[in-house]
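Chemist: Chains as they are written, first to last, in the numbering used here: chain A, 1 to 234; chain P, 1001 to 1234.
Heads up, a few of these hints could be off.
[To be verified] If you want the ones that stay clear, here's a sample from chain P, every Cβ over 10 Å from chain A, calculated:
#, residue
1, Asp1014
2, Glu1027
3, Gly1090
4, Asp1092
5, Asp1100
6, Pro1101
7, Ser1127
8, Arg1162
9, Arg1183
10, Glu1216
11, Arg1228
[To be verified] Rough simulated footprint, nothing fancy, chain P against chain A, three-plus residues with beta-carbon under 8 Å:
#, region
12, 143-157
13, 185-197
14, 205-219
[Claimed, not checked] Under 8 Å between C-beta atoms, here's a sample of chain A residues computed to sit facing chain P:
#, residue
15, Ala49
16, Leu52
17, Gly54
18, Ile59
19, Ala60
20, Met63
21, Pro64
22, Asp117
23, Val122
24, Ser127
25, Thr130
26, Pro139
27, Ala161
28, Ser165
29, Met202
Everything labelled a hint here was simulated from the structure, so no lab data went into it. Here the structure is a predicted model, which means the values were calculated and not measured. Glycine is no exception: its CB is placed at the ideal position from the N, C-alpha and C atoms.
What follows is each chain in one-letter form.
There are 2 protein chains.
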Amino acid sequence: MSGTLYGVGVGPGDPELITLKALRVLERTSIIAWPAPPEGDSLARRIAAPHLNGDKTEIAIRMPIEAGRFPDQRVYDTAADEIATHLAAGRDVAVLCEGDPFFYGSFMYLFGRLAQDHTVQVVPGISSLTASAAALGAPLAARNDTLAILPATLPDAELEARLRSIDAAVFIKVGRHLGRLRRLLKRLGLAADAHYIEHATMADQRTQLLREVPDERAPYFSMVLVHRRGEAWT
Amino acid sequence: MSGTLYGVGVGPGDPELITLKALRVLERTSIIAWPAPPEGDSLARRIAAPHLNGDKTEIAIRMPIEAGRFPDQRVYDTAADEIATHLAAGRDVAVLCEGDPFFYGSFMYLFGRLAQDHTVQVVPGISSLTASAAALGAPLAARNDTLAILPATLPDAELEARLRSIDAAVFIKVGRHLGRLRRLLKRLGLAADAHYIEHATMADQRTQLLREVPDERAPYFSMVLVHRRGEAWT
């Protein structure tokens, strides 16, 4: 009897924004894996920490962060091998995922390596998308609005082309693109109601109107929300 | 001391997909409001039912469903007045919202009427967006993918224009547009990997490859997920 691989969304940061289903999976799974930087804390593990009971075997997936490049895939090969050994022995494994496992999450690298030969269940989590809108008091989209999720890492011309045909947009991975994005939205007349947020739902959450943010750079996990018609709910 | 209005995301259908934070708000709030059709059950209330404790005052917001039209706003005027009376008397009110309150939710009509004069807190919920991806085992987006949420109610030409510049798309409100959407995606060469899902995470959930769904119509809350490069995680 082979074990099940769970991709568990632990939500955006506030440990209360975890689901009952995620809690149940974490309670009964004795092997957990989590992504982390080369040294130090895992954000996903930190979010789940208040909910971790009993002795667990923990697998750290430590990924070098290289600005502007996607990570060396061999780290996932190694982690997938270790996880597969447990699954083959009939042991379930839960991978802790910040936000939602399938919304720009690194879980999909493990999913891609393991889903063909193993049972995989994904427990959806509160994504930074809806958590940021809630924290800002700014509805994302309504009625027949079209909404785009746009990585701020894309060049100006590509962002501009997509913004032209869309009612509302959420920029993810703002990071070092903050100043450029602010100038682009200003030029397109979209800066007035654009909202900036970093560390949504965490103790160090910061929210501001984008036009009042002076910085050129932001933390990687910061976002900008914009709506073409101003406020979506009017 | 004025009361607080809570917009509480109760998730997509499975009562386990509610957050600890939503539970805490529901436990300590004695007045709840929920949207419902003119007669019969409220889906939002049905999702929250296993978690409702004690005696609560309940406010039904019964909204006539008129195909192809947005609802008569006077229903929200009346509901907002009733809710405002409680808030002014210092009583908190929790509005139950299917999925997430700010992701195409009707909560924003109450928000628009009450946020200026009252304290409002939004508790984000698992949206059908990430719940459907989890149920399908189909990652939404990865890396620098652009992702669009597109109401299937829009005309073919508008959907086509938006699909041209986007890597992945989720069609919401598929309903009576199912047949038309299937033909559009086929013509654009995007039908091969398009996934169909209705009643995500509920007992009567149904998932299928879109090209194998013969129907012309679907339930209103059905969705289609598509990724231009086939599978997002490869």
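Chemist: Which constraints among the numbered hints does this structure fail? Numbers only, ascending.
Modeler: 1, 5, 6, 7, 8, 13, 14, 15, 16, 17, 18, 19, 20, 21, 22, 29
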